[in-house]
Amino acid sequence: MKFKSFSIFLIISSFFLTCILSIWKIMSTLQGLSFTNLNIAPVFLIGILLSLAFILIGNKINHSIKIFSLSFLFSILYFYLNEASPYWYIFGVFLIILFFTNNLKKYSMQSLKEDFISEKIIFDFITLFGIVFFAFVILFPFYIMLVTSFKTQIALLVNPLDFSLDFTKSLTDLFKSYFVIFETYNFGRYILISSVVSIGTVIVTLLFAIPAAYAIARLNFLGKNFLSTSILIIYMFPAIVLVIPLYTVFSQLGLRNSIFGLLIVYTATTLPVAIYMLQGYFKSIPKEIEDAGIMDGQNWFGIILKIVIPLSLPAIASVALYVFMIAWNEFLFSLMFLDSPKSFTLSRAIQYLSGDAETPRQYLMAGSVIVTLPVLFIFIYFEKYLVSGLTAGSVKE
Amino acid sequence: MSDTLSKIEKRTAYTLVLPAVLLVFAIVLFPIFANIWISFKDIQLKDIRIPEPRAKKIVRSISGDESQLEIIYKLRNSSLINGIKDVEFKDKFPKNVLPTNLDSRCIFKSKKIICDFGDWDPKYKENFEIKIRNINGEKIEKTIIKSQKPILDGKAENPLLTTNFTLKNFKKVFYENNFIELLLTTFYFTFFGTVGAIIFGILAAQLVNQNFRGRTYMRGILLFPYVGPVVALAYTWTLLLDPNSGTLNALLVNFNIIETPINLLGQKYITMSILGFEFKLRLALTTVIFFEIWRYFPLAFLFILARLQAVPQTLYEAADVDGASPIQKFIHITLPQITAIISILFMIRFIWNFNKFEDIFLLTGGASGTRTLPINVYQQGFAVSDIGMGSAVSIVIVMLLLSFMVIYFRLIGKRVNEV
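These protein sequences, in sequence, are chains A and B. Residue 1 is where the first sequence starts when you use the numbering used here, and the numbers rise one by one after that. Residue 1001 is where the second sequence starts when you use the numbering used here, and the numbers rise one by one after that.
Okay, chain B solo, but in the shape it has when bound (with noise of 0.2 Å):
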């Protein structure tokens, strides 16, 4: 009895959870091997359409027999590349009419004509011309013709489940493009992105954490960059750093900090001098950090608040008692109590910061030295129009991304274990 019951309960949990795990595993884990198999071919852009046979149907009318029609069919190979093998082509006509002049690839047969065009190459492209006339000599409605389609049917190759592999691709991504530096300016950008997030985020938490009128006014301000859309941030922000008319260069220059507007997002390098030092800062790799940060911080704030707030008040209570400051007490109380939610979070946005994207791409486009990982995966991909390229450099972000995953849980189970 109970035997059934928990085969009933385990058929019943598998039908709940089909539907979902199908999904998620057609969209998202499908694609993930996928780019094994795309990162180990020479494929373009313009080879993923299949070639289609293809005709338009133009009618024309006989002047003074409407008992004959001309068609003309335009047959075409829809792709510029590759061939089209056994092209065969079907179209029907109505009772009565019969084609005057048919060509020798075709036949009539039951009202319909069938024709072998053979193999089609590249580029292919013909004229077909047929007349046909009714035998009673009845007139023909040109438009019954003209609403029935012809049929077309051909093998060609899909060019992407071909079996030829090669292994350009990954020579190109670690020996053609800069391969350290695309990784150098991807880790400089991951780890000053995550570490100002989390910082700014205790700070923030630190704040709102205290007692203060409109405190929850200010919770909800501090998200705002957080759940606000990327694309209109984005121009935002790149309309107020402009050189030319934007806000935060002009009023720089009005009030005499600066003396030429700066243009922080489109130049790679500034040079800087600090106490007689002078070194180089990556310009425009900076400003988008600190956009990552503006946007990203929210995050990081939310979790440490609710943190905060579940640190019991007796401790604070306990400590004042000993006479602690209250620098004392953030170091011996509140450190301490955050720093797991701080080594979680550091990880999470870690690896959500080196897949980032679309900040990046629509702040600078990659250029001036803001050129990451995931921003390279679209410019071979789409810019360069190399998909095997772009699917070599995606398997190089997912190694990546196993191996911080890696350590990752690692750590996460030695933190379990310490709690």
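One chain only, chain A, in its complex shape (with noise of 0.2 Å):
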């Protein structure tokens, strides 16, 4: 039984040290370090050894000392066992087994009798790994992004491995793509216009749906219960459905093309989710405080305005946040009503310039990472909000 647990923590834990081991070397072969093997079976053996000499050490020297010179011990051989690599390299690869020491802590001879050790070993480094891996693959893309829009063409073909950032170079070098696409390309004009849209779309959609949603919430009326149900289902429907119809009648009343039309789109798209959300808040806002609001002589109008308003401040925050990042990342209706590059969205600029082969893809990112950076900023600022409404928002896309 003993045996079982001790080895499966031998390898649980030396597969964790090579993957994160392997992806810093990867990482550091994006920098311009021409590695040309993982060594996988090295950094194996590594681990073993480190598992090994952590457990049989136990608790006989002080685990700051230990982890310190243990790491230090393995960085060394590690740096034998490898291609010749720089400092930093090494370095990294010190943290990294300090990283990964400091977290074997809590196992020693002791801890390897418990029951159900093995599992316990297996869930905690599958955590480990997981966070690792989930971190990884989901901000890499972005990582490619951000440096390839700042490296150059000829760069780039030269080594498409090379993602290392030239910071000798004057700032007007580095952010050559960003001049580019502002000058060039007039994405200056297209910011502004999809900030115009987007805005108006959550104004829009705030005017339309606070009422409802109240109406829904608190009032009685005959088709109630229909409304509130096919509120639901209309956002089943999907945008590509609509398109032909729209388009078809968009020509005839000359809509195309319009920002007006867009923001027409965009408001009846996004309603749904909107009363569908608010309404939700609202029911939950205690009735005797508008009681209060009719006793007072206010009409219906004063209660939302006076009482509903301010007392759902937070979900109409949430509700305009998600409402803003729809519209600001909607792609497909600015696909199809929009042709001329005067009333381009980011989006659909973006898009425009990605159909000429000839286009750089330095700017293509520099242009992709200026429609990112605000829904990016926007979601990591009012995090807590937008979770709400995305929870609560459910479907939509």
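For the record, the hints were derived by calculation from the structure and aren't laboratory data. Owing to the predicted nature of the structure, the values given are computational and were not obtained by experimental measurement. The beta carbon of each residue, even a glycine, is placed where N, CA and C say it ideally should be. Do not rely on the hints blindly, as some may be mistaken.
[Stated by the list, open to error] Just the calculated beta-carbon pair ranges, DEER-fashion:
| id | chain 1 | residue 1 | chain 2 | residue 2 | range |
| --- | --- | --- | --- | --- | --- |
| 1 | B | A1310 | A | I90 | 45 to 55 Å |
| 2 | A | S22 | B | T1314 | 38 to 48 Å |
| 3 | B | F1404 | A | V158 | 47 to 57 Å |
| 4 | A | I259 | B | F1404 | 26 to 36 Å |
| 5 | A | I23 | B | F1191 | 23 to 33 Å |
| 6 | B | Q1267 | A | A84 | 14 to 24 Å |
| 7 | B | F1404 | A | G355 | 29 to 39 Å |
| 8 | B | I1036 | A | S258 | 41 to 51 Å |
| 9 | A | I259 | B | L1335 | 45 to 55 Å |
| 10 | A | F377 | B | L1335 | 30 to 40 Å |
| 11 | A | I23 | B | P1019 | 45 to 55 Å |
| 12 | B | F1191 | A | G302 | 50 to 60 Å |
| 13 | B | G1365 | A | N37 | 35 to 45 Å |
| 14 | A | I309 | B | K1142 | 55 to 65 Å |
Quick one: dock chain against chain with the hints and give me the complex.
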């Protein structure tokens, strides 16, 4: 029993170390280091030796001294077993091993005798591995997007693996792609259009949605239940089936290539989800407060304006942010309705750029960074509101 | 008294709801029904413009005589396909200005020229010339004449509103365009995209539900693919996967994992052999599915995490007392708690993946075996320019969706009863 848990511990922990060190090696390769071998077997061996040493030493020496000396020793071992590499790379290896040994803290000869320890080891290391794996898989494309926008076409063709940034260059050289897309490709205008459309959509959607949501939450009228269930069904319907009729009608009315036309469509498609989210919140406001308003002789308009809206500002904020993100990220309708570069939104402009095979990729990525950054900033800053919005909005993209 | 109150309440409710309902009706519901109409018509993209009579006014001075001017109206039918009936033309002139050589189709009455040009064929063009003269021999201001725009009016059929219907589009949808393959691709994409997203969602939720430092950051990072703009993310992936200079292929070749770069988005099939069995994998479609999973597992993650955090901790404590292993705890406590949310997620994501357009369009444009039903709507309607066909495919999508929803509400209804 002890032998089983012991060997599982050795294998799983070394597997984990191998994975992290491989990711570190891949990332370093992208900094221009010429590694051609992942050296999985030697690294795995180092992992086994390290875990073994850790367990055998046990509590005989102080934990900090133990992990520092072990990490130092094994980094040197790694250095000798691997290809020639610069010192910053080995320092990274040292930090990784330090992190790894620190995570071994709770294991000792004693703890390996506990019940279900093998399962616990597997769970622990899968958790650790999962965190690294998910973070890597998610952030890697964003990283590539960002660094590509700072490179030049020639540098990328010479060595597609070298994403290292040359900070000795002047800032204007580094940010050249950004200058180019603003000057040559008119991105300033597209940012303006995207902002106007998105903010406009938020305002108009709220203007329509707040009264409707209030009526559904509070008032009794014929068809109320029908309305609240059909809201859910309506936003299951995809934009792609609306596109052809809207395209023909908008062509005949001259609404294509107009920001106004786009605004109407965005508002209409986000309204159901906005109403759905808001009415849920309105229902949670105590009715007594509104009754007091009625006693004071307020009409419905006054109640909504002076009581409901101030009380539900957090919900309104989360709806507003959510609608803003939908409108900012929207692509299908802007692809269908906008043909003239005069009225492009950011997403449409980037797609238009990519249509020309001659467009250097760093311009494309610079555009992508510009369209991504505002959403990510808003998301990070208002995460709390947005997460509740996302869960309430449940299905809308 | 209470009767009037409830009447007021009703009236207020309708005024509050009506604007939103009307807007949604016009932009969302009306098009769904309009699809039915269009799908039964033989109509191309170029037909949708209503033909208009147009005139361009050119004013020329006549040398040596300031009291006279020559005007040329370049008349044309804006449509190359459809004719216009009963074209009427009007133009206004200042006081004391008269036309000198008026066409027999026109009359001059109270400072206006009114012409009846009759019917115009498609592509109709004519240069209509007149001369005008000031009867007092004074100078005519060219700019004043120029600024006055002629008014044209005519009766043209709106090709969308004619009542000649045909079943041609539906025949083509079902018999000509490899419909079975289209349907299979759509379901393959939808099913694996959904299942993959949910599996990764469960894994990620299980991770974040444990205690570790930086847990809130991790939750934020996990949602990045979902909140990022699809255009930016899709192009980043295309760049990453590019066979010639993409990072992924370059890395794999560099570390000798593969010998030659693989065109992950442009190759329909790849032959794989596992344990001696050779089979063909839909490569491009699989790659697109991976992108789909990458982008949408955060949503599943968020829902499952919310559910996990609501599971009472005492359940796990009781299990610890009973000496349950981590795997037993997961199978007997966690899983039963999240099956309800998983089944809801499955159905919602299934419907949404079924409708997915942007992701596939941006990654492959529907090439190399990634043509799904929504992509087909776009290709028929805008690449082949056959609006009727596009609508017919839309109708097929709506019908399939409705049947999913019926199943969905049946099952959800049952679930509610169970809980």
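Here is how each hint holds up against the structure:
{"no.": "1", "hint": "A1310/B with I90/A: 45 to 55 Å", "result": "46 Å, holds"}
{"no.": "2", "hint": "S22/A with T1314/B: 38 to 48 Å", "result": "41 Å, holds"}
{"no.": "3", "hint": "F1404/B with V158/A: 47 to 57 Å", "result": "51 Å, holds"}
{"no.": "4", "hint": "I259/A with F1404/B: 26 to 36 Å", "result": "35 Å, holds"}
{"no.": "5", "hint": "I23/A with F1191/B: 23 to 33 Å", "result": "31 Å, holds"}
{"no.": "6", "hint": "Q1267/B with A84/A: 14 to 24 Å", "result": "37 Å, violated"}
{"no.": "7", "hint": "F1404/B with G355/A: 29 to 39 Å", "result": "34 Å, holds"}
{"no.": "8", "hint": "I1036/B with S258/A: 41 to 51 Å", "result": "27 Å, violated"}
{"no.": "9", "hint": "I259/A with L1335/B: 45 to 55 Å", "result": "49 Å, holds"}
{"no.": "10", "hint": "F377/A with L1335/B: 30 to 40 Å", "result": "37 Å, holds"}
{"no.": "11", "hint": "I23/A with P1019/B: 45 to 55 Å", "result": "54 Å, holds"}
{"no.": "12", "hint": "F1191/B with G302/A: 50 to 60 Å", "result": "52 Å, holds"}
{"no.": "13", "hint": "G1365/B with N37/A: 35 to 45 Å", "result": "37 Å, holds"}
{"no.": "14", "hint": "I309/A with K1142/B: 55 to 65 Å", "result": "59 Å, holds"}
The structure fails hints 6 and 8 (numbered hints given earlier, in ascending order).
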